[in-house]
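Visitor: Chain Z: place on chain D using the hints.
There are 2 protein chains.
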Amino acid sequence: MNPACFVAVDWGTSSFRLWLVRADGAVLGESRSSEGMTTARESGFADVLGRHLAQVSAPGDAPVVMCGMVGARQGWVEAGYVDVPARLADISGQAVRVPDQARDIRILPGLAQRDVHAADVMRGEETQLLGCAERMKNSDCLVAMPGTHSKWVRVVRREVLGFSTFMTGELFDVIGRQSILRHALEGAAGVDGAHPAFLESLHATFREPELATNRLFSIRARGLLFSLPPTDAAATLSGMTIGLELAGALRQAPRDTPVILVASGRLRGLYEAAFHRLGLNFTALDADDAVRRGLSQAARDIWHIEEGQKP
Amino acid sequence: MNPACFVAVDWGTSSFRLWLVRADGAVLGESRSSEGMTTARESGFADVLGRHLAQVSAPGDAPVVMCGMVGARQGWVEAGYVDVPARLADISGQAVRVPDQARDIRILPGLAQRDVHAADVMRGEETQLLGCAERMKNSDCLVAMPGTHSKWVRVVRREVLGFSTFMTGELFDVIGRQSILRHALEGAAGVDGAHPAFLESLHATFREPELATNRLFSIRARGLLFSLPPTDAAATLSGMTIGLELAGALRQAPRDTPVILVASGRLRGLYEAAFHRLGLNFTALDADDAVRRGLSQAARDIWHIEEGQKP
Numbered sequence: 001m002n003p004a005c006f007v008a009v010d011w012g013t014s015s016f017r018l019w020l021v022r023a024d025g026a027v028l029g030e031s032r033s034s035e036g037m038t039t040a041r042e043s044g045f046a047d048v049l050g051r052h053l054a055q056v057s058a059p060g061d062a063p064v065v066m067c068g069m070v071g072a073r074q075g076w077v078e079a080g081y082v083d084v085p086a087r088l089a090d091i092s093g094q095a096v097r098v099p100d101q102a103r104d105i106r107i108l109p110g111l112a113q114r115d116v117h118a119a120d121v122m123r124g125e126e127t128q129l130l131g132c133a134e135r136m137k138n139s140d141c142l143v144a145m146p147g148t149h150s151k152w153v154r155v156v157r158r159e160v161l162g163f164s165t166f167m168t169g170e171l172f173d174v175i176g177r178q179s180i181l182r183h184a185l186e187g188a189a190g191v192d193g194a195h196p197a198f199l200e201s202l203h204a205t206f207r208e209p210e211l212a213t214n215r216l217f218s219i220r221a222r223g224l225l226f227s228l229p230p231t232d233a234a235a236t237l238s239g240m241t242i243g244l245e246l247a248g249a250l251r252q253a254p255r256d257t258p259v260i261l262v263a264s265g266r267l268r269g270l271y272e273a274a275f276h277r278l279g280l281n282f283t284a285l286d287a288d289d290a291v292r293r294g295l296s297q298a299a300r301d302i303w304h305i306e307e308g309q310k311p
Numbered sequence: 001m002n003p004a005c006f007v008a009v010d011w012g013t014s015s016f017r018l019w020l021v022r023a024d025g026a027v028l029g030e031s032r033s034s035e036g037m038t039t040a041r042e043s044g045f046a047d048v049l050g051r052h053l054a055q056v057s058a059p060g061d062a063p064v065v066m067c068g069m070v071g072a073r074q075g076w077v078e079a080g081y082v083d084v085p086a087r088l089a090d091i092s093g094q095a096v097r098v099p100d101q102a103r104d105i106r107i108l109p110g111l112a113q114r115d116v117h118a119a120d121v122m123r124g125e126e127t128q129l130l131g132c133a134e135r136m137k138n139s140d141c142l143v144a145m146p147g148t149h150s151k152w153v154r155v156v157r158r159e160v161l162g163f164s165t166f167m168t169g170e171l172f173d174v175i176g177r178q179s180i181l182r183h184a185l186e187g188a189a190g191v192d193g194a195h196p197a198f199l200e201s202l203h204a205t206f207r208e209p210e211l212a213t214n215r216l217f218s219i220r221a222r223g224l225l226f227s228l229p230p231t232d233a234a235a236t237l238s239g240m241t242i243g244l245e246l247a248g249a250l251r252q253a254p255r256d257t258p259v260i261l262v263a264s265g266r267l268r269g270l271y272e273a274a275f276h277r278l279g280l281n282f283t284a285l286d287a288d289d290a291v292r293r294g295l296s297q298a299a300r301d302i303w304h305i306e307e308g309q310k311p
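So the sequence lines, in the order shown, correspond to chains D and Z. Quick note, the first sequence lines up with residues 1 to 311 if you use our numbering. Quick note, the second sequence lines up with residues 1 to 311 if you use our numbering.
Chain D on its own, in the form it takes in the complex (with noise of 0.2 Å):
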């Protein structure tokens, strides 16, 4: 095979986003929609996919590559864990192809660090990473991908050595919205990096993580003793969530190693404010590119598709 395009679809819990790249990498066409795999179970996978890929008039002969939830047990097919440590090219290697289908559709696994005392998994950042490699030259790198459970990945020489993940957005999130600190954020404005509250609480978390909880119910006292406004209410603990989570990633490697970090939007604001406040030495990626570079790279992969092609 040696197609003229290739489809790259990143098929979350409750995203779709699906791209028609040329070999070169030119994106010819872009299709979204909210139909994640919790929607695609209902209405059918094949389904799904079939209108987006109409929608971007994809040739017949267009493989699609993917990757994110769609993979998952409960998804259209399990396309499992590659164990760590693995070579980043291990995650093209281990592909899995959706059976029954005219087209070629092939779905990218996951990766799985199975220590007992270290258990963790992901499933669609090992694209991003995938996309950033790049960018890694051949030295040690943290790649961080921040998130609802941020990823924080140890790469020496384009293999990955280990991951953690910390639940600093899900934290942020239920804390927020169904503790007692509720009433304390209510009516908080989005935070941003450039927060003074938010910069104060995430350097003092991250020199005492052991006072992440005491630090928590202090914005409640603060409410009542002085006022609190709920803005800054939301910045200290949204810089507490992610001070607690740069304590501990940041001892996975020697202090001065290379930051790639991988987000976009609002969150990639905050963690570049972070990373500057602690003197990092970072560069920053966006989340999206990042994404859509890793499926093309498992596309070059898969189906030996060279960049110089052309149509």
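No wet-lab data here; the hints were simulated from the structure. Honestly, I wouldn't trust all of these hints.
A short, non-exhaustive set of chain Z residues, derived as facing chain D with CB atoms under 8 Å [said to hold, decoys possible]:
no. : residue
1   : 13
2   : 118
3   : 119
4   : 120
5   : 149
6   : 165
7   : 170
8   : 174
9   : 175
10  : 180
11  : 212
12  : 217
13  : 221
14  : 222
15  : 226
16  : 248
Residues of chain D clear of chain Z, computed beta-carbon distances all greater than 12 Å [as the list claims (entries may be wrong)]:
no. : residue
17  : 40
18  : 100
19  : 254
20  : 284
Which stretches of chain Z does chain D cover? Using the computed rule of at least three CB atoms under 8 Å from a CB of chain D, they are [what the hints assert, rightly or not]:
no. : stretch
21  : 127 to 134
22  : 204 to 211
23  : 239 to 246
Since this is a predicted model, take the numbers as computed values, not measurements. Ideal placement from N, C-alpha and C gives every residue a C-beta, glycine not left out.
Guide: Frame of chain D; chain Z shown alone:
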């Protein structure tokens, strides 16, 4: 006033407990219900109290001393806070009288730490603290009152130097019920302090508090990769939240400072097991006893009741 008996009331957000106590400390009657502050705001504080007083046939001249959320801004009468550092005796000294009542009814204030970098409040636990006074002798101690919002208080020669609240119980609840970990904990039995997963997780987080949110996600990953049983998942979460609390709380005093644990039931068992695991020098006191003793101490201070007095 030199009453033969008095009434002690612990009136929390969702619970009401009343004891009729003879001057010498003997309990003559008890009445409990779920008519906490939230219910009483609807049905009327005076009515709720009146029914319980009738229940134990309290004499018309028996004065009433109360603690808890009944003294909050949204309670019956706001009883404010005593600022720390404060002597234990200041708590009784700043009790607030409920106006326009035939009976002498007083509400004890809470404690506040008005330090913007370590803001904290308690309401109700100050009375348990007063109830531990006999155990304190004249030395340094830390008083631990675990719960939804665990309180750790540093007391030196019956002066409260400061305190810290840790959102331990609430963190366990919101994470266990509202986060992705709810799947891993589904069907879990109650955890006791002898559970190996509890003690292992406790010690791991005590040593490395910065990995707290990583260990949270690890519970999820162990469910996927190693079919972790739900009770082990709950024990791990419990050990993690308590280990994080202890890592922060024990920094407040030298390592050999005696700890007084004030707790009841299952929680008491978990903390006793944790304290043994960490080799702490501690004694334990039942939380219900402590609050009744504290209210009795306050009654003796306020109305100059002598313990030797007999009706």
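Visitor: The output says residue 284(D) does not contact chain Z. Does that hold with a beta carbon cutoff of 12 Å?
Guide: For residue 284(D), whose nearest Cβ neighbour in chain Z is about 22 Å away, the distance exceeds 12 Å, so it holds.
Visitor: Against chain D, run the beta carbon of residue 175(Z) and see if the smallest gap drops under 8 Å.
Guide: Check passed: Cβ of residue 175(Z) comes within 6 Å of chain D, closer than 8 Å.
Visitor: For residue 100(D), is the shortest beta carbon distance to chain Z beyond 12 Å?
Guide: holds (27 Å)
Visitor: Any CB of chain D closer than 8 Å to the CB of residue 170(Z)?
Guide: Given a least distance of 5 Å, the restraint on residue 170(Z) holds.
Visitor: Using C-beta distances, would you say chain D covers the stretch 239 to 246 of chain Z, given that this needs three or more residues below 8 Å?
Guide: holds (count 3)
Visitor: Residue 254(D) clear of chain Z by more than 12 Å, beta carbon to beta carbon?
Guide: Answer for residue 254(D): holds, closest chain Z Cβ roughly 16 Å.
Visitor: Count residues of the stretch 127 to 134 of chain Z with a Cβ under 8 Å from any Cβ of chain D, then say if the count reaches three.
Guide: Check failed, 0 qualifying residues.
Visitor: For the hint on residue 217(Z), just tell me whether its beta-carbon gets within less than 8 Å of chain D.
Guide: With a closest approach of 4 Å, the residue 217(Z) hint holds.
Visitor: Closer than 8 Å between Cβ atoms is the bar; does residue 149(Z) clear it against chain D? Give me holds or violated.
Guide: holds (6 Å)
Visitor: Would the hint on residue 226(Z) stand, with a C-beta cut-off of 8 Å toward chain D?
Guide: holds (6 Å)
Visitor: Given a cut of 8 Å on the nearest C-beta pair, is the interface hint for residue 174(Z) held or broken against chain D?
Guide: For residue 174(Z), the interface hint holds, since the closest Cβ of chain D sits about 5 Å away, which is under 8 Å.
Visitor: Min Cβ distance, residue 212(Z) to chain D: is it shorter than 8 Å?
Guide: Given a least distance of 6 Å, the restraint on residue 212(Z) holds.
When each numbered hint is compared with the structure, violations occur for hints 1 and 21.
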